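Protein chains in written order, with UniProt numbering: chain A, 1 to 496; chain B, 1 to 99.
Simulated from the structure, these hints should not be mistaken for lab results. One or more of the hints may lead you astray.
Stated by the list, open to error - Where chain A lies over chain B, by a calculated footprint (3+ residues, C-beta under 8 Å):
id, segment
1, 16–23
2, 27–34
3, 37–48
4, 68–77
To be verified - For lysine to any residue, the following SDA-like pairs were computed, each having C-alpha atoms within a straight-line distance of at most 25 Å:
id, chain 1, residue 1, chain 2, residue 2
5, A, 94, B, 38
6, A, 94, B, 19
7, A, 94, B, 76
8, A, 94, B, 21
9, A, 94, B, 54
10, A, 94, B, 80
11, A, 94, B, 24
12, A, 94, A, 113
13, A, 94, B, 92
14, A, 94, B, 45
15, A, 94, B, 57
16, A, 94, B, 51
17, A, 94, B, 61
18, A, 94, B, 3
19, A, 94, B, 44
20, A, 94, B, 22
21, A, 94, B, 70
22, A, 94, B, 69
23, A, 94, B, 84
24, A, 94, B, 41
25, A, 94, B, 26
26, A, 94, B, 91
27, A, 94, B, 10
28, A, 94, B, 65
29, A, 94, B, 52
30, A, 94, A, 290
31, A, 294, A, 482
Computed from a predicted structure; not experimentally measured. C-beta atoms are modelled at their ideal positions from N, C-alpha and C, and glycine is treated no differently.
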Amino acid sequence: MSLTHRNAAELGALMAAGEVSAVEVAQAHLDRVAEVDSRVHAFLHVAAESALEQARAVDARRAAGEKLGPLAGVPIAHKDVFTTRDMPTTAGSKILEGYRPPYDATVTTRLREAGLVILGKTNLDEFAMGSSTENSAYGPTRNPWDLDRVPGGSSGGSSAAVASYQAPLSTGTDTGGSIRQPAAVTGIVGMKPTYGGSSRYGLIAFASSLDTPGPFARTVLDAALLHEAFSGHDVMDTTSIHAEVPPVVEAARQADVAGLRVGVVREFGGEGYQPGVTARFQEAVELLESLGAKVTEVSCPSFTYALPAYYLIAPSECSSNLARFDGMRYGLRVADDGTRSAEEVMALTRAAGFGAEVKRRIMLGTYALSSGYYDAYYGSAQKVRTLIARDFEAAFHQVDVLISPTTPTTAFPIGERADDPMAMYLADLCTIPANLAGNAAISVPCGRADEDGLPVGLQIMAPVLGDDRCYRVGAAVEKAFEDRWGGPLLKEAPSL
Amino acid sequence: MSAITRDEVAHLARLSRLALADDELEHYATQLDDIIGAVARVAEVATDDIPPSSHALPLTNVYRPDEVRPGLTPEQALAAAPAVEDGRFRVPRILGEEA
Numbered sequence: 001m002s003l004t005h006r007n008a009a010e011l012g013a014l015m016a017a018g019e020v021s022a023v024e025v026a027q028a029h030l031d032r033v034a035e036v037d038s039r040v041h042a043f044l045h046v047a048a049e050s051a052l053e054q055a056r057a058v059d060a061r062r063a064a065g066e067k068l069g070p071l072a073g074v075p076i077a078h079k080d081v082f083t084t085r086d087m088p089t090t091a092g093s094k095i096l097e098g099y100r101p102p103y104d105a106t107v108t109t110r111l112r113e114a115g116l117v118i119l120g121k122t123n124l125d126e127f128a129m130g131s132s133t134e135n136s137a138y139g140p141t142r143n144p145w146d147l148d149r150v151p152g153g154s155s156g157g158s159s160a161a162v163a164s165y166q167a168p169l170s171t172g173t174d175t176g177g178s179i180r181q182p183a184a185v186t187g188i189v190g191m192k193p194t195y196g197g198s199s200r201y202g203l204i205a206f207a208s209s210l211d212t213p214g215p216f217a218r219t220v221l222d223a224a225l226l227h228e229a230f231s232g233h234d235v236m237d238t239t240s241i242h243a244e245v246p247p248v249v250e251a252a253r254q255a256d257v258a259g260l261r262v263g264v265v266r267e268f269g270g271e272g273y274q275p276g277v278t279a280r281f282q283e284a285v286e287l288l289e290s291l292g293a294k295v296t297e298v299s300c301p302s303f304t305y306a307l308p309a310y311y312l313i314a315p316s317e318c319s320s321n322l323a324r325f326d327g328m329r330y331g332l333r334v335a336d337d338g339t340r341s342a343e344e345v346m347a348l349t350r351a352a353g354f355g356a357e358v359k360r361r362i363m364l365g366t367y368a369l370s371s372g373y374y375d376a377y378y379g380s381a382q383k384v385r386t387l388i389a390r391d392f393e394a395a396f397h398q399v400d401v402l403i404s405p406t407t408p409t410t411a412f413p414i415g416e417r418a419d420d421p422m423a424m425y426l427a428d429l430c431t432i433p434a435n436l437a438g439n440a441a442i443s444v445p446c447g448r449a450d451e452d453g454l455p456v457g458l459q460i461m462a463p464v465l466g467d468d469r470c471y472r473v474g475a476a477v478e479k480a481f482e483d484r485w486g487g488p489l490l491k492e493a494p495s496l
Numbered sequence: 001m002s003a004i005t006r007d008e009v010a011h012l013a014r015l016s017r018l019a020l021a022d023d024e025l026e027h028y029a030t031q032l033d034d035i036i037g038a039v040a041r042v043a044e045v046a047t048d049d050i051p052p053s054s055h056a057l058p059l060t061n062v063y064r065p066d067e068v069r070p071g072l073t074p075e076q077a078l079a080a081a082p083a084v085e086d087g088r089f090r091v092p093r094i095l096g097e098e099a
């Protein structure tokens with residue numbers, strides 16, 4: 001098997017055993033990027049020289065007898081919303097074209113400390129706002145299963161990179177589903193950790209009360225290894241949780257659901273769900289029962305209000321966060337010809353630098369927060385947030401995890417929803433509740449829809465700091481499905 | 001709730017510091033109206049007895065020890081600035097605007 005088709009745990013073991021060097025592994029992946037990324041467009045920036053340099057450093061440390069972590073020398077694709085000192089950081093926006101941050105995000109620092117080899121920065125919807133990666137100012141990323149379809153979003157470059165074997169691992173951020181939804185529609189694993197479990201320091205802010213860094217991988221165990229590598233308390237992030245990282249790697253190895261209580265969310269299914277998604281989800285339910293889980297239906301009535309609440313809360317926070325892009329301290333500045341005031345330059349710079357979806361959300365948030373509308377919109381949305389947290393709390397008295405389809409449909413064609421914001425927003429229908437309440441949630445592959453042959457994701461939601469349950473159930477489902485399919489789902493994807 | 005008018009979008013654009021063209025105002029008015037129409041239903045369940053949540057975690061006043069630690073040098077802080085003069089950010093005129 002070629003090195004690019006090995007998973008991260010295998011690559012780590014091969015390097016630890018001295019069977020292959022980190023430089024060989026990095027070069028194999030850089031060759032793969034050169035071969036396929038002109039068609040996929042997962043990367044905004046490929047850092048070939050620095051990747052090889054990092055790989056040489058890992059090989060040197062190993063040669064010197066240093067004991068290295070399980071992911072030392074493993075290549076990774078890094079979402080271009082995390083700051084990186086030695087690479088451009090654009091957040092998919094023209095307003096940050098060419099920007100070189102003066103510091104590393106905590107997630108970046110921890111990747112480096114774990115010896116992970118950063119191949120480059122991946123494409124995303126501008127400022128992580130979107131569900132298709134079509135909102136990138138640098139052009140869309142394509143789904144490796146069908147190059148005319150979206151890879152999900154906002155972390156679509158990261159999902160596509162892993163699904164097209166350009167990297168075994170990648171980072172993402174999940175504000176309303178931006179890790180789980182792209183993972184689902186590209187047939188890979190994507191995890192949103194508990195809010196505050198992974199640091200936001202150096203993550204370019206979209207909606208600060210929701211933004212959560214998390215891992216993408218082709219296996220549940222690989223996702224857990226990466227999760228463990230970059231998570232944990234960070235003094236630089238005041239909303240970082242002061243608690244041990246849940247035992248995610250152990251849980252991924254345990255992969256056992258016997259006696260576990262699993263709740264099917266009644267509100268997520270039926271009308272509006274693609275038949276193939278419903279069928280694969282039903283199979284996953286039956287699979288869990290066959291593995292000894294006790295499956296019941298659970299009602300979370302407020303979940304049907306999660307989407308509208310999110311599209312008030314997230315734009316409100318974004319309208320405030322994105323005020324920092326004023327063309328004064330970094331980034332784009334236009335029309336500063338000596339005749340215009342600072343305010344005029346700001347307004348012209350922001351109009352030139354932001355794309356349509358970002359402008360739409362800034363104005364939507366400004367509206368929801370404005371005097372006279374605040375109580376009806378932002379205030380009501382915050383109350384819905386309380387109701388959703390209460391629904392989760394009640395549900396987790398009855399069951400250990402909740403499950404649903406990750407997305408109502410499979411990957412849609414590029415362009416189909418581009419100018420229809422409400423249709424685009426529906427992609428996040430099932431993923432948003434976990435963001436509003438801060439819960440842990442994962443998406444794992446559960447087969448392909450009959451009507452289009454495209455991947456479907458199973459979402460597993462656990463309580464706050466119950467991240468290990470997502471991995472435990474995810475790994476059990478993965479193992480049982482792979483036994484049935486004769487290998488991972490991704491093996492069925494067309495070769496690029 | 002009343003529909004979002006073109007004038008309201010112009011007001012929002014001004015508050016948001018976005019210099020939008022006339023045809024954009026029209027386009028955004030339609031789209032924002034659609035979105036706000038769809039999200040307004042949060043008010044159906046948001047009764048007076050429910051406390052609002054601004055955040056998922058019950059954290060308040062998070063402090064760290066007040067220790068001196070290295071920060072950015074002036075050169076680093078200014079490195080990405082669109083315009084610099086005498087070790088400072090150079091900005092367009094800020095006085096003489098409407099109050």
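Here is what the structure says about each hint:
Coverage of the segment 16–23 of chain B by chain A holds in this model, with 5 residues showing a Cβ closer than 8 Å to a Cβ of that chain against a need of three. With 4 residues having a beta carbon nearer than 8 Å to a beta carbon of chain A, the segment 27–34 of chain B meets the requirement of three or more and the stated coverage holds. With 10 residues carrying a beta carbon less than 8 Å from a beta carbon of chain A, the segment 37–48 of chain B meets the three-residue requirement, and the given coverage holds. Check result for the segment 68–77 of chain B against chain A: holds, 3 residues qualifying (beta carbon to beta carbon below 8 Å, three or more required).
Between residue 94 (chain A) and residue 38 (chain B) the alpha-carbon distance is near 30 Å, which puts this suggested pair outside the 25 Å criterion. Among the hinted pairs, residue 94 (chain A) with residue 19 (chain B) is consistent with the structure: their alpha-carbon atoms are about 16 Å apart, no more than 25 Å. Simply put, residue 94 (chain A) and residue 76 (chain B) have alpha-carbon atoms about 22 Å apart, close enough for the 25 Å limit, and the pair holds. Simply put, residue 94 (chain A) and residue 21 (chain B) have alpha-carbon atoms about 18 Å apart, close enough for the 25 Å limit, and the pair holds.
With a C-alpha separation of about 31 Å, the suggested pairing of residue 94 (chain A) with residue 54 (chain B) is violated against the 25 Å cut-off. A threshold of 25 Å between alpha carbons decides the hint, and for residue 94 (chain A) with residue 80 (chain B) the separation of about 15 Å falls inside it, so the pair holds. Of the pairs offered as hints, the one joining residue 94 (chain A) and residue 24 (chain B) holds, with about 19 Å between alpha carbons and a cut-off of 25 Å not exceeded. Between the alpha carbons of residue 94 (chain A) and residue 113 (chain A) the distance comes to roughly 31 Å, so the proposed pair goes past 25 Å and is violated.
For the hint pairing residue 94 (chain A) with residue 92 (chain B), the CA-to-CA distance comes to about 21 Å; that is within 25 Å, so the pair holds. Note on residue 94 (chain A) and residue 45 (chain B): the hinted pairing is violated, with a Cα-Cα distance of about 40 Å set against a maximum of 25 Å. Between residue 94 (chain A) and residue 57 (chain B) the alpha-carbon distance is near 33 Å, which puts this suggested pair outside the 25 Å criterion. About 40 Å separates the Cα atoms of residue 94 (chain A) and residue 51 (chain B), which puts this hinted pair outside 25 Å; it is violated.
About 36 Å separates the Cα atoms of residue 94 (chain A) and residue 61 (chain B), which puts this hinted pair outside 25 Å; it is violated. Taking the CA atoms of residue 94 (chain A) and residue 3 (chain B), the gap is about 32 Å. The hint is violated against a cut of 25 Å. Annotation: proposed proximity of residue 94 (chain A) to residue 44 (chain B) is violated, straight-line Cα distance about 39 Å (limit 25 Å). About 22 Å separates the Cα atoms of residue 94 (chain A) and residue 22 (chain B), which keeps this hinted pair within 25 Å; it holds.
As the CA atoms of residue 94 (chain A) and residue 70 (chain B) are separated by approximately 31 Å, the hinted pair breaks the 25 Å bound. Between residue 94 (chain A) and residue 69 (chain B) the CA atoms are separated by roughly 33 Å; this puts the pair beyond 25 Å, and the hint is violated. A distance of roughly 21 Å separates the Cα atoms of residue 94 (chain A) and residue 84 (chain B); the hinted pair therefore holds under the 25 Å criterion. Simply put, residue 94 (chain A) and residue 41 (chain B) have alpha-carbon atoms about 35 Å apart, too far for the 25 Å limit, and the pair is violated.
Taking the CA atoms of residue 94 (chain A) and residue 26 (chain B), the gap is near 24 Å; set against the 25 Å cutoff, the hint holds. For the suggested pair residue 94 (chain A) and residue 91 (chain B), the alpha carbons sit about 20 Å apart, so the restraint of at most 25 Å is met. Of the supplied pair hints, the one linking residue 94 (chain A) and residue 10 (chain B) holds, its CA atoms being roughly 23 Å apart against a limit of 25 Å. Using a Cα cut-off of 25 Å, the hinted pair residue 94 (chain A) and residue 65 (chain B) is violated, with the two alpha carbons roughly 38 Å apart.
In summary, the hint linking residue 94 (chain A) to residue 52 (chain B) is not supported, as the alpha carbons are separated by about 36 Å, beyond the 25 Å threshold. A threshold of 25 Å between alpha carbons decides the hint, and for residue 94 (chain A) with residue 290 (chain A) the separation of about 51 Å lies outside it, so the pair is violated. Taken as a hint, the residue 294 (chain A) and residue 482 (chain A) pair is honoured in the structure, with Cα atoms around 22 Å apart against an allowance of 25 Å.
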